[in-house]
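K.L.:
We have chain B already, so just place chains W and L on it with the hints.
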Amino acid sequence: MGLLENKLQENLLTTKVDWLLNWARLSSIWPMTFGLACCAIEMMAVGASHHDIDRFGAGAFRATPRQADLMIVAGTVNFKMADRIKRLWEQMAHPKYVIALGACATGGGPYYKYGYNVVKGVDRVVPVDVYIAGCPPRPEALLEGLMKLQDKIRTQKVVRQIGSGEPAPFVPAPS
Amino acid sequence: MTETGTRPAPPPAPRPSTEEDLDRWSGELRSGEREFVLDVKTQDLEVNMGPQHPSTHGVLRVLLRADGEIVTGAQPHLGYLHRCAEKIGENVEFLQYLPYTDRYDYLSAMNNNLGYSMAVEKVAGIEIPERGQYVRTICAELNRIASHLLAFGTYGLDIGAITPFLYAFREREEILHLFEKVCGARLTYSYIRIGGVFNDLPDGWLEELSGFLDVFEEKWQEYNDLLSFNHIFVQRTANVGILPPEKAIAWGCTGPMLRGSGVGWDVRRDEPYLVYPRLDFQVCVGRGEKGTLGDCWDRYFVRVEEMRESVKMLRQLIRDIPDGPVSADVPRALRVPAGAGYVGIENPRGELGHYVVSEGGKVARRCRVRGPSFCNLSILPELMGGTMLADAVAIIGSVDIVIGETDR
Amino acid sequence: MAKTAAEVVERLRAIGTPGVIGLLDPAQAAEPDPLGRHAPAKAVAPPAVEKPTAGAKPDAEAKTPEAESSAEEKPSEKGPSAEGTKAPAKAGPFGDPHLYVEPAHVAAVLQTLRDDAELRFEMLIDVTGIDYKKDAPVLGVIYQLLSLSHRARVTLRADVPKVDPAIDTAFPVYPAADWHEREAAEMFGLVFRGHPDPRNILLADDWVGHPLRKDYEFPVEYHGISGV
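Residue numbers (this note's numbering), protein chains in the order written: chain B, 1 to 175; chain W, 1 to 408; chain L, 1 to 228.
No lab work stands behind these hints: they were computed from the structure. Heads up, the beta-carbon is just placed ideally off N, CA and C, and yes, glycines get one too. The hints are all genuine.
Not the full set, but computed from the structure, chain B residues with beta-carbon under 7 angstroms of chain L: (1) 79; (2) 80; (3) 82; (4) 116; (5) 119; (6) 124.
In silico DSSO-like cross-links for lysine-lysine, where the CA-CA straight-line distance does not exceed 27 angstroms: (7) W:290 - W:312; (8) W:362 - B:113; (9) B:16 - B:148; (10) B:113 - L:134; (11) W:247 - L:3; (12) W:362 - L:133.
With the Cβ distance kept under 7 angstroms, some of the chain W side facing chain L (calculated, not the full set): (13) 82; (14) 251; (15) 265; (16) 270; (17) 357.
Chain B on its own, in the form it takes in the complex:
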C-alpha cells in the first residue's frame, strides 16, 4: 500500500497524517472506464452533467488501469471476461478499490439461474469493497455507493502498525 505503510508508531502526528492522506484519497478517487453492460449507461449518466460525479472528485475516468484507483464493475461478468477483469485488477496500483455496480456484478443478477456463461458475482474474481443493488441502479444509488466507499477510505489507517504488515491474501467469495 505504499511507502508510508506501517512505518510509524501511533501518535498525534500520525492521526493528522492519516486524516490528510485519507482526505486526499477519498476526494480524488479516479475510476477506470469499465462499463460492461446496461449499468455502464447509468455510470455514464453519473458522469454527465445532471448527476455530476465530478463534484466528488471522481470525474476523471481513466482508460488505463495503471492510473485508476477505482474499478466500477458495471454490468454482467461472464467467464470469458472474468480472466480479463482479474488481469485488469492486478494491473491497478494500490490503493485500489472495487465497486460492484448492479445486480449482475453483485450476485449474477437476473442471469443467475440459466446463465451458463455468467459468473455469479464479481466477488468470485476480485475483492469487492462496495456492492450496489439495482438493475440498473439509479445514478443516485451509484453516488451513494461512492460515498460509502469514501467512508471506508476515511477510516483507513495508513501509517500505523497493523499486525505483521502483510496484506491479507484474496480469498474469493464462497459459491
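P.N.:
Chains W and L alone, transformed into the frame defined by chain B:
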C-alpha cells in the same frame, strides 16, 4: 488456429527492397538512410483494442494488425458479454422473459420489448387495442431519440469532442424522466408487454412530452452547430469507412448502416407495423454530402436526421391518440398455441428480429434474437482494411453497436 | 413477383429448383420432423398442404400421426382453457409458413432465391439452429430472407440428423451468413461445410458442449471460477 483471421488483407503499401526500387521510391535521402531503409525489416504489429477500451462501446475486442499507422487487418472478437439470453428464453415463461429483452440492446429497451411482444403476439394471434398501439409507437419513437442521442454523444466522445456528450445527456435525462413517470424505470423498462402496454399513460404526460419536443427541436439545431458541421469532425469522418450499398446488403446490414449507404429500406415504412402506416415521415438516407456516399459522416447524419423525424412522428401521435384500453386481456401465465413466427422491427440500430417457436405451452421452445448490431459488426474487417489507426475508432463508432445485442 | 411463401414455392417449382419439399404451416414448423422423413418408425404422412393461413382445418387430420407424439404438449388448440386464455378472434395456427427444403440442396435454393428476377431475396437476415426436443432425431436450420425490391420475407427450414448435423454453408451466396453460422455451430454443434472461419464466436475457445441443445449440462466451473 489463426487469430488474425483468414480474410484477405488489402495489399500493403509497396516498400522498396532493392536499390532500383529505392531509386524510384524517393529522391534525396540523407547519408545512412538508404542502408537503414533497405536493412530494416519490419513486421505488422498486433494490437488488442479492448475488451476494456474507452472507445469500443462496450466489451468488444478488436484484434488489429497494423503496419505502422495503417491497419492491415481487424478481427472483432465477441462473447465478452454473452449472457445466454436464448437459453433463458427456452426456460422461462413468455412474460418472465420480457425483462431479459430489455437488457440486450439496453439503449432501446422499449423497442426490444416491442419486438419480442409482437413476435409472441404473432404466434399467439393476439390483437392489440388502438390506444395500446399508439402508446407503443410513442414509446418506441421516444426511445429512438434517446438512443440516437447517446450514439451522437458517444461518437463525439470517440472523436475527441466531449461537450456534445454532455449536451446529449442533458436531453436524455429529460427523456428518461418521462419514461420514469410512465413505468418507473429509467433504462430497462419492461413496459411494452404481450398484449399491449403495462399501464396507461399518467395524466399530463402527453403535455409534458409536447413541451419536451418543443425544447428538443431547438436543441437539435444546437447539436448540428456543435458537432455535425464542425470542420474537424467532418475531416475525421467524411471519406472514412466507406460502405458500398451492395456490400451492405450482402453482409446483412440494416438500419442507419444500410441507409447511410443510400439504400432506402426502413421497416417502419416498407413493412409497417403498429401505427406507422398512418404517420407522415421521411426515411433518412445518406447522400454523400460531405464526402463519399456511405462514409461515417453519412451514417452519423442519418441518425441525427432520424431524431428530427421522430419528433415529427411524435407530434402526430400526440395529436391523434384515441381513448380506450391499452392492453388486450392476456393472462400472465400465457399459453401460446403451437406455431413459429418471425417479426422484424426497426430498432435504432437496425432490424431487430425475434423468431419465436412455441410448442403449445407456457414456455417457448426457441426464442431466437437476431440483433442488428451482430450483423452490422460483421462488416468491420471489410471497412477497416487499409485505414489509419485513428480512423478505426471513427469507424467502430459509426457502426453504433451495443454489445449487449451483439452478444446477447 | 413472389410475395407470399406459397408464391415462392410455386416459382421455385416452376424453375425446377431441386430440394424443395414443400410448405409447412406454422404449427408443423414448430415440431421436429413434421413430415416423418427422419423417424423410421412413423408412417409416411401425406405431403404438406400449401395454404398457410387461418382455415387450416384439413391440416389437422393430415398431421395427426406426427401430432400424437407431441399431443401432450399442445393443449391450447382446444380453445379457451381453464387458465383463462382468451380464444383469439381467428382460428390458428398463427405464425409464418416455413419453406421446407432438403439440406443437401440448401445452397442451390438460396442461390436461386437470391438471383431469380421474380424472387430477388437480396438479404439474408438470419441463420440459426433449433433443437426441438431432447429426443428429437433432427436439428433444424432456419434461414430468414428479405427481399428489398419486392418487400417480401420468407423463412426456410432444413432438418439435419442429430447424429451427423452437417449442412453446406451459405457464405458463398450471402456473406452475412458468416457470423450467424459460427454462432449456430457453437450453440448446436452444427457443421457448416465450407465455412471460411469456423471458430467459436460468442463462447470461449475452450468451451465444452453446445449450450442451446436441450440436453446441455451447465458447467460446474471454468478456469477456477465456480459456476454454481
